[in-house]
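Based on these hints, arrange chain B on the given structure of chain A.
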Amino acid sequence: MSFAGLYLLMLKATLSSFSGLASLPILREDFVLKYHLLTDRQLNTALVIGRTTPGPKGLYIISLGYYSGGTPGAIAAWLALLTPALLVIPLLLLAGRKANHPRVRQVLNAIVLGSAGISLSATLPLAADAIHTTLGYVLAGGSLAVLLLREKLETVWVIAGAALITLAAALISRAM
Amino acid sequence: MGSADAPLSPKVPLGALAGVFLRIGNLTFGGGNPTVAALQRELVDNRKWLERTQFALCYALARMTPGTNLFAFDTAAGWLMGGWRGALLCVLVASIPCCLIVAILTAFFDLWSGQRLVAAAIDGALAASVGILLASFWFLVSPYIAKTTWVRSCVIVLLSIGLSFGAGLTPIAVLAVSALVGFFWKEPARE
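Chains A and B supply the protein sequences, listed in that same order. Counting along the first sequence from 1, when you hit position 49 you're at 68 in our numbering, and nothing is skipped either side. Counting along the second sequence from 1, when you hit position 120 you're at 113 in our numbering, and nothing is skipped either side.
Please note: incorrect hints may appear among the correct ones.
Derived DEER-like restraints, expressed as beta-carbon distance ranges [as the list claims (entries may be wrong)]:
hint: 1; chain 1: A; residue 1: Ala164; chain 2: B; residue 2: Ala31; range: 24 to 32 Å
hint: 2; chain 1: A; residue 1: His151; chain 2: B; residue 2: Leu93; range: 29 to 37 Å
hint: 3; chain 1: A; residue 1: His120; chain 2: B; residue 2: Ala9; range: 31 to 39 Å
hint: 4; chain 1: B; residue 1: Ala100; chain 2: A; residue 2: Arg124; range: 16 to 24 Å
Hints were generated in silico from the structure; no laboratory data involved. Don't be surprised by glycine CBs; every beta carbon is placed ideally from N, CA and C.
This is chain A alone, in the form it adopts within the complex (with noise of 0.2 Å):
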């Protein structure tokens, strides 16, 4: 795919979205489903990076467009996400005034909640791909629980404690 057709696509993906992972469902279904740009694994993959490194929550795009199109697909992706940020320049000045009006923040809390029940219904097929062991099943739910009961965690942890487990996990299996 050409260099603007992903930058259109993950555009696409962005300005659809309004927090960092609210774009997944949109992203798996035009790079996965859609266009074969990308299989789950690869988009399980990408969410890992994107978690395990400083900066916002969605720039798991920028390992999306480098599986989809080498270095240009990675400069795709991060002016995909620049270029809705920049909306917020016509926001501060038509806006402003008018940001906290109750009918206009009514209707994007109902847009944050829908986006959480479209994420919600994307985890499970790439929970699917992710998980094939019982221990793949603990680490997932005890993630989760980590998650929740210590809110101020950083996932960078989480994800790094999870990988130490299943690394020793196949050193024992490989001593054995």
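For chain B alone, coordinates are given in the frame of chain A:
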């Protein structure tokens, strides 16, 4: 709320502004919220380049802007402090290094992933990512689960799950339906 007109403080040195966003935007883990908190401490409390009301306005409007809220916040705050140059400078220095890190990690990921032990570690990381996604769902929804709002919130979430998973509607269509429901179903006041 504070004014959103011409830049608040046109004399904010652009070099120092770039340094703040370069450091905080690329060395803070945990996503947008910790980064914004660190920026508030620096821009409002320490350097007084922004008033608290201006900062709050940037934060609120960034949440309403599609895409990455943090980059929208960087753009808004940069605009208030330095006009168009400030806006572009802040968002570029806050985005390029961390995006480069992601791209480099992605490039080397495939080289490492072929090794058996590395593949085992990656499997664990991927399993953890499923838990993280589920936790993200809860953190996204939980602010809207209050005594008077939980019914509305649950209906919208379940509707969106049903439409996307059951009916197979595209995410954009589901979001449009959510917006319509939100427009007509008045949000109850929180107690």
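To see whether the hints hold, each was checked on the structure:
Evaluation of the 24 to 32 Å hint for Ala164/A and Ala31/B yields a pass: the beta carbon distance comes to about 28 Å. The hint said 29 to 37 Å for the Cβ distance between His151/A and Leu93/B, and at roughly 33 Å that hint holds. The beta-carbon spacing between His120/A and Ala9/B, approximately 36 Å, falls within the hinted interval of 31 to 39 Å. Evaluation of the 16 to 24 Å hint for Ala100/B and Arg124/A yields a failure: the beta carbon distance comes to about 42 Å.
In terms of the numbered hints stated before, the structure departs from hint 4 and from no other.
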